[in-house]
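Asker: Whole structure, please, built from the sequences with the hints as guidance.
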Amino acid sequence: MPSAPPESEEYFDVAVIGAGVVGCAIARRFTLEGARVIVIEKAVDILDGASKGNSGILHTGFDAPVGSLEQRCIAAGYREYLDIKDRLGLSVLKTGALVLAWTEEEEARLEALMEQARANGVDDVERLGVTEIRAWEPGLSDRLRGGFSVPREYIIDPWTAPHSYLLQALENGARLLRRAEVLDGGFDGSAWRLETSRGAVRASTVINAAGLYGDHVDQRLLKASSYAIRPRKGQFVVFDKAASVLLSSILLPVPTATTKGIVVCKTSYGNVLVGPTAEEQESRDAAAVDHETLAALQRRGIEILPGLADFEVTATYAGLRPATADKDYQIKDHPAQRYISVGGIRSTGLSAALGIAHHVFDLYGQFGGRHQPPETPHWPKVSPIAEYQNRGWTEPGNAGVVCHCELVTRREIEEALNGPLAAGSLPGLKRRTRATMGRCQGFYCLGELAEITEGRFERPLATAYDSNS
Amino acid sequence: MTAIPEHAGGPPGACDVAIVGGGPAGLGAALRLKDLGIEAIVLDREAEAGGIPRHCGHYPFGMREFHRILKGPDYARRLVQAAKQAGVAIFTQTSVVALDPGPCLAVTTPDGRAEIRAKRVLLSTGVRERSRAGRLVGGQRPWGVLSTGALQSMVYLKGRRPFERPVIVGSELVSFSAILTCRHAGIRPVAMVEANDRVTAWWFAAGLPRLTGVPLHLNSRVLRVVGDQRVEAVELQDGAGASRLIEADGVIFSGQFLPEATLPRAAGLTIDPGSGGPAVDQYGRCSDPAVFAAGNLLRPVETAGWSWQEGVFAADRIAASLAGQLSERQGAIEMRVHGDAAIKFVLPQRLALPVLPGAMRNLQLRAKRPFHGTLSVRQNGRTLWSGRQSGRPERRILLPLAPIAEKAVPGTIEIDLQEEF
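One line per chain: the protein sequences are V and X, in this order.
If you use the working numbering, the first sequence corresponds to residues 1 to 469, in order.
If you use the working numbering, the second sequence corresponds to residues 1 to 421, in order.
Incorrect hints may appear among the rest.
What follows is a set of in silico ranges between Cβ atoms, one per label pair, in the way DEER data are often shown [claimed, not checked]:
| hint | chain 1 | residue 1 | chain 2 | residue 2 | range |
| --- | --- | --- | --- | --- | --- |
| 1 | V | P65 | X | A266 | 41 to 47 Å |
| 2 | X | L398 | V | E312 | 25 to 31 Å |
| 3 | X | R382 | V | E395 | 55 to 61 Å |
| 4 | X | E406 | V | P396 | 51 to 57 Å |
| 5 | X | R198 | V | E292 | 24 to 30 Å |
| 6 | X | H338 | V | E132 | 38 to 44 Å |
| 7 | V | A108 | X | H338 | 44 to 50 Å |
| 8 | V | E279 | X | R198 | 35 to 41 Å |
| 9 | X | R188 | V | E454 | 54 to 60 Å |
| 10 | V | A108 | X | H372 | 51 to 57 Å |
| 11 | X | N380 | V | P396 | 56 to 62 Å |
| 12 | X | E419 | V | E280 | 43 to 49 Å |
Listing some non-contacts, in silico: residues in chain X with all C-beta distances to chain V over 12 Å [as the list claims (entries may be wrong)]:
| hint | residue |
| --- | --- |
| 13 | E46 |
| 14 | R77 |
| 15 | Q81 |
| 16 | Q85 |
| 17 | A86 |
| 18 | G87 |
| 19 | D100 |
| 20 | Y156 |
| 21 | P215 |
| 22 | L216 |
| 23 | G305 |
| 24 | W306 |
| 25 | R350 |
| 26 | L353 |
| 27 | T374 |
| 28 | G411 |
Worth flagging that the hints you see were computed from the coordinates, not collected in a lab.
All of these numbers come straight from a predicted model, not from anything done at the bench.
Where a beta carbon is used, it is the ideal one built from N, C-alpha and C, also for glycine.
Answerer: Following this line, the structure appears as structure tokens:
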């Protein structure tokens with residue numbers, strides 16, 4: 001159930017606005033440093049904005065601009081993820097990546113990209129010829145011209161990670177307020193009073209991690225923003241799990257100035273992903289797919305891995321990146337107002353989140369924020385949902401499989417509907433368990449899910465009817 | 001509520017025949033095997049066996065099996081009862097997660113993992129409908145977009161309705177079943193949308209939408225689904241490229257069935273890209289001769305009665321196989337469909353020679369698009385059979401197997417179509 005609004009006299013050290021991957025990681029960092037944190041999310045569930053649609057890659061940052069804040073945050077985030085993953089039960093699939101050139105022009109840029117990688121500290125890149133690459137990836141099209149390997153690019157589960165960050169914060173004392181939109185606020189020289197759609201919140205420092213609405217929140221609270229969000233949509237096509245035999249590495253294109261380009265890779269859930277596109281749009285909410293683009297992505301996937309032609313598309317989706325006019329992250333501190341705006345975190349947010357959290361805490365330290373860290377913090381584990389982890393269905397007492405395609409058990413679903421981070425919607429349940437994400441897209445389990453989730457969601461999946469009417 | 005497994009104690013570690021999927025095909029096979037004195041167990045992943053007819057709370061089911069017209073759930077119950085009364089062990093809430101050589105089935109139950117070794121395995125895992133994603137339909141992804149199967153499980157199994165004014169996409173038999181399901185729950189479909197210039201189903205012809213007052217939009221496709229949290233409208237595009245918005249609170253993507261071939265595919269058995277199911281010989285054997293397949297897993301899509309009949313057939317052939325009677329001493333024939341013919345697939349995909357009595361009586365074909373012309377079955381320049389034929393998508397096309405098998409030699413047989421336009 002959604003958490004209750006805080007008592008009016010309750011007071012926090014830090015209010016984090018937005019429970020995307022960045023907000024979740026910041027809440028974790030500040031809680032582990034001893035701050036009393038409240039996370040304010042306007043949606044019924046966390047990860048409801050930019051964080052719900054990404055490619056699930058743990059990037060090394062090899063192709064980030066040298067010396068950029070983005071590169072530093074990715075490098076730090078990457079290291080911390082690998083450090084904490086076992087304690088939090090997070091997944092990693094160590095696939096490595098190949099940057100592939102399909103044209104002469106792309107081939108000519110490989111050396112420069114490898115130089116950039118080395119300058120970014122990713123010094124294990126290796127130039128490979130067509131024969132070597134195809135020996136490793138026999139499914140690749142023979143139109144390939146060359147490439148290089150980035151051995152430490154990995155696949156991670158984009159949903160368990162942020163859930164786990166926030167859960168660790170909550171279990172160590174942080175608060176989560178959902179369905180609460182920040183409408184207005186003021187700083188009285190020592191503390192903030194935020195007016196939300198669910199009441200006032202008082203905190204000494206505000207961290208804006210509102211993603212696609214970051215500039216709006218700045219305007220509401222600071223009356224100005226140093227950046228303007230320009231939503232950039234990415235559409236994806238997900239192929240059937242059986243197609244995962246066609247590749248082992250993450251297949252990256254040679255990036256352009258505006259986008260990392262269309263990636264082909266496995267997902268943590270055992271499928272094959274093709275995407276994303278990069279399309280500027282006005283809307284910050286509506287991430288629509290369109291038939292022509294999906295069909296083009298499907299064709300592009302088949303051009304790269306011809307074997308994909310034999311496999312059905314399991315799912316399609318689109319995500320929105322909170323891009324700005326600037327290529328780098330827009331993290332701005334306002335010490336006089338005890339306010340930090342964390343904006344412009346695009347595709348690399350999943351990889352960089354833990355690093356961003358450290359960076360933001362450092363900025364906070366500079367304006368005097370200091371606390372007593374908990375001596376023995378809790379390290380809760382969320383249920384593993386990656387295909388390569390030991391999942392619920394393998395254990396006794398799982399209460400039976402409900403979602404057959406993804407082998408999600410009734411026990412896992414019940415767990416996801418309870419506790420401090422209980423799912424508030426079907427997409428939220430999906431992100432915690434994978435239910436309905438599979439090849440049948442709910443053909444077999446939606447009836448059962450409508451029953452199990454009755455009374456749990458603000459918007460029910462179905463309502464009882466009177467069959468005599 | 002968690003149902004109690006129908007057979008306490010979990011499945012045995014070994015058996016003669018393990019049947020994966022307790023729908024009409026699987027239950028038909030189990031009962032027949034029991035009659036033949038062969039012990040078979042049925043594994044079903046749902047809490048209750050019976051398969052898809054359990055969700056089809058309408059007529060007509062049961063003509064072949066019980067010689068009377070029943071509603072789906074009553075028919076499913078009768079099949080399950082008949083099998084249980086005969087002493088067939090049915091293990092529900094038992095999901096087969098892998099088929100390994102042996103054959104050996106890796107399963108999971110509420111008690112966790114288990115393994116079942118079987119002398120023969122029958123796969124009868126049925127079909128599902130192609131989802132909205134599989135059709136690459138554009139738009140947002142609000143709640144309210146379902147398959148007929150999901151709608152039926154909500155309405156007939158759970159007494160719930162997910163929407164009140166949906167658009168139905170498709171005009172196959174199942175699309176009309178969706179209309180009946182809607183009516184049962186007081187749901188009023190606002191449109192039926194078909195991409196072709198006529199209704200696909202032969203059964204109700206175009207009568208039912210008119211009868212039930214559901215406007216039919218031919219030559220139309222769904223351009224996008226509109227709505228943030230819930231479906232608010234559906235944008236259609238007609239053949240001339242004109243688009244229009246229909247207000248609706250749901251979308252039912254019906255039909256375009258696909259075999260549930262995950263297990264045989266993951267097991268490395270040969271899959272026919274045309275049918276989407278495992279390639280079988282004239283006895284229903286997969287490329288691993290210890291594994292048989294029956295029912296809609298073989299091909300989308302047939303009636304429950306037809307699937308049941310295929311289950312009974314498979315049981316007989318499994319018995320013959322266990323008795324060592326299905327040898328392939330004279331080689332084999334691969335069946336192929338010529339180039340870009342309007343034929344989607346031919347079943348069986350392979351003939352094991354000699355073709356013994358008890359083989360399938362017919363080749364089953366399906367059309368990709370409407371056609372009219374001469375079908376010919378040729379080998380090495382020789383015509384083994386030919387005949388004039390018309391076909392439409394999703395309709396049964398049968399060619400006699402015996403005259404073809406009589407003249408065939410090891411190698412390849414090609415099926416070709418000379419179309420008359």
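Asker: The structure should be examined with respect to each hint, and the outcome stated for every one.
Answerer: Outcome of the hint check:
Between V/P65 and X/A266 the C-beta distance comes to about 43 Å, which sits within the given range of 41 to 47 Å. Between X/L398 and V/E312 the beta carbon distance is about 27 Å. The supplied range of 25 to 31 Å therefore holds. Checked against the given bound of 55 to 61 Å, the beta carbons of X/R382 and V/E395, roughly 59 Å apart, stay inside it. Between X/E406 and V/P396, the C-beta spacing of about 56 Å keeps the proposed range 51 to 57 Å intact.
In this structure the hint that X/R198 and V/E292 lie 24 to 30 Å apart at CB holds, the actual value being about 26 Å. Between X/H338 and V/E132 the CB atoms are about 40 Å apart, so this pair conforms to the stated range of 38 to 44 Å. Range check, V/A108 to X/H338: about 45 Å between beta-carbon atoms, so the 44 to 50 Å window is met. Checked against the given bound of 35 to 41 Å, the beta carbons of V/E279 and X/R198, roughly 37 Å apart, stay inside it.
Our hint of 54 to 60 Å for X/R188 and V/E454 is violated, since their Cβ atoms are close to 24 Å apart. Take V/A108 and X/H372: their Cβ atoms lie about 55 Å apart, and the range 51 to 57 Å holds. For the pair X/N380 and V/P396, the beta carbons lie near 58 Å from each other, so the given range of 56 to 62 Å is met. The hinted window of 43 to 49 Å between X/E419 and V/E280 holds, with their beta carbons roughly 47 Å apart.
Distance check on X/E46: its Cβ comes as close as 8 Å (rounded) to a Cβ of chain V, failing to clear the 12 Å threshold; non-interface status is violated. For X/R77, the requirement that its beta carbon stay farther than 12 Å from each beta carbon of chain V is met, with the minimum near 18 Å. A cut-off of 12 Å between C-beta atoms confirms that X/Q81 is not in contact with chain V; the least separation is 22 Å. No beta-carbon of chain V comes within 12 Å of the beta-carbon of X/Q85; the shortest separation is about 25 Å.
For X/A86, the requirement that its beta carbon stay farther than 12 Å from each beta carbon of chain V is met, with the minimum near 26 Å. Even its closest Cβ contact with chain V, about 25 Å, leaves X/G87 beyond 12 Å, as expected for a residue assigned away from the interface. With a least beta-carbon separation of about 16 Å from chain V, X/D100 lies farther than 12 Å from that chain, consistent with its non-interface assignment. For X/Y156, the condition that its CB be more than 12 Å from all CB atoms of chain V is violated, with the nearest at approximately 8 Å.
Look at X/P215: its CB is around 23 Å from the nearest CB on chain V, clear of 12 Å, so calling it non-interface holds up. X/L216, annotated as away from the interface, keeps every beta carbon of chain V farther than 12 Å; the closest lies near 22 Å. Every C-beta of chain V lies more than 12 Å from that of X/G305, the closest at about 22 Å, which supports listing it as non-interface. With a minimum CB-CB distance of about 21 Å to chain V, X/W306 clears the 12 Å threshold, and the non-interface call stands.
Annotated as non-interface, X/R350 keeps its C-beta farther than 12 Å from every C-beta of chain V; the closest such distance is 19 Å. No beta-carbon of chain V comes within 12 Å of the beta-carbon of X/L353; the shortest separation is about 28 Å. X/T374, annotated as away from the interface, keeps every beta carbon of chain V farther than 12 Å; the closest lies near 30 Å. Every C-beta of chain V lies more than 12 Å from that of X/G411, the closest at about 25 Å, which supports listing it as non-interface.
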